[in-house]
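One-letter residues, chain by chain:
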Amino acid sequence: AQSVTQPDIHITVSEGASLELRCNYSYGATPYLFWYVQSPGQGLQLLLKYFSGDTLVQGIKGFEAEFKRSQSSFNLRKPSVHWSDAAEYFCAVASYSGNTPLVFGKGTRLSVIA
Amino acid sequence: DAGVIQSPRHEVTEMGQEVTLRCKPISGHDYLFWYRQTMMRGLELLIYFNNNVPIDDSGMPEDRFSAKMPNASFSTLKIQPSEPRDSAVYFCASSFDTVAADTQYFGPGTRLTVL
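Those sequence lines, one after another, are chains E and W. Heads up: the first sequence at position 87 corresponds to 87 in the working numbering, and the numbers run straight through without jumps. Heads up: the second sequence at position 41 corresponds to 155 in the working numbering, and the numbers run straight through without jumps.
Next comes chain E alone, as it looks inside the complex (with noise of 0.2 Å):
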């Protein structure tokens, strides 16, 4: 079965500086891969997912993120972060079959200082 850790709970960042949040899976082939946001008293909002071809995904509000097969790594990256990013942010894997439920991981809070 299909897993996944966010090692850092949360991450507090300067506004204007960079971000990238860590997200390790597991499954035993190409899996399908996902971020989500939650902003505070909101539901889930898809940021992005990568299925397959160009490892590198262009996803909404200038996030990015990197699929690393040698790493099993999905990391998420922000070049300049706004206050408005202060959310929680998880990262999610799927079967390549894509007929069994996503897998979330525990989540990231981010905060975002002046």
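If you're looking for bench data, these hints aren't it; they were derived computationally from the structure. Quantities reported herein were computed from a predicted structural model and do not represent experimental measurements. Heads up, a few of these hints could be off.
What the hints assert, rightly or not - Quick list of in silico lysine-lysine cross-link-like pairs, DSBU-like style, CA-CA up to 35 Å:
no.	chain 1	residue 1	chain 2	residue 2
1	E	Lys106	W	Lys192
2	E	Lys49	W	Lys138
3	E	Lys49	E	Lys68
4	W	Lys138	E	Lys61
5	W	Lys192	E	Lys68
6	W	Lys138	E	Lys106
7	W	Lys192	E	Lys49
8	W	Lys182	E	Lys68
9	E	Lys106	E	Lys68
10	E	Lys61	E	Lys106
11	W	Lys192	W	Lys138
12	E	Lys61	E	Lys49
13	W	Lys138	W	Lys182
14	E	Lys49	E	Lys106
15	W	Lys182	W	Lys192
Starting from the known structure of chain E, fit chain W onto it as the hints suggest.
Chain W only, in chain E's frame:
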């Protein structure tokens, strides 16, 4: 489309009472998911439906929890009797096609507090 709609947004009840959470998925979506989110356990999938049929309810914690989807535009999650450990945020989500590969659209959640 208005997105996934959940009601109520907040529910406070006393232990032993019945609680019913409601969800209206996005029109045309074939899959509906119920999740529970707590600080301790994170986001847990409770049950999901495909074309109104429950497919996997292995995440439902115990018999006190039940879910139904009488038609394509409505689902309920019921807890009877409720207990303090059921306090959590419950999310409903829907997706268009496959169970995992498609984007899931989440509702705003119902924050349940059981006293």
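Quick rundown of the hints versus the structure:
With a C-alpha separation of about 25 Å, the suggested pairing of E/Lys106 with W/Lys192 holds against the 35 Å cut-off. Straight-line distance between C-alpha atoms of E/Lys49 and W/Lys138 comes to about 25 Å, which keeps the hinted pair within the 35 Å bound. For a cut-off of 35 Å, the pair hint linking E/Lys49 to E/Lys68 stands: about 14 Å separates their Cα positions. Using a Cα cut-off of 35 Å, the hinted pair W/Lys138 and E/Lys61 holds, with the two alpha carbons roughly 27 Å apart.
For the hint linking W/Lys192 to E/Lys68, the alpha-carbon distance of about 42 Å lies beyond 35 Å, and the restraint is violated. A hinted pair counts as satisfied when its Cα atoms are at most 35 Å apart, and W/Lys138 with E/Lys106 qualifies at roughly 26 Å. Proposed proximity of W/Lys192 and E/Lys49 is supported: the alpha carbons are some 32 Å apart, at most 35 Å. Only pairs whose Cα atoms come within 35 Å are accepted, and W/Lys182 paired with E/Lys68 is rejected, the gap being roughly 40 Å.
Annotation: proposed proximity of E/Lys106 to E/Lys68 holds, straight-line Cα distance about 20 Å (limit 35 Å). Taking the CA atoms of E/Lys61 and E/Lys106, the gap is about 22 Å. The hint holds against a cut of 35 Å. Between W/Lys192 and W/Lys138 the CA atoms are separated by roughly 15 Å; this keeps the pair inside 35 Å, and the hint holds. A distance of roughly 14 Å separates the Cα atoms of E/Lys61 and E/Lys49; the hinted pair therefore holds under the 35 Å criterion.
Among the hinted pairs, W/Lys138 with W/Lys182 is consistent with the structure: their alpha-carbon atoms are about 12 Å apart, no more than 35 Å. Between E/Lys49 and E/Lys106 the alpha-carbon distance is near 18 Å, which keeps this suggested pair within the 35 Å criterion. For the proposed pair W/Lys182 and W/Lys192, the alpha carbon gap of about 8 Å is at most 35 Å, so the pair holds.
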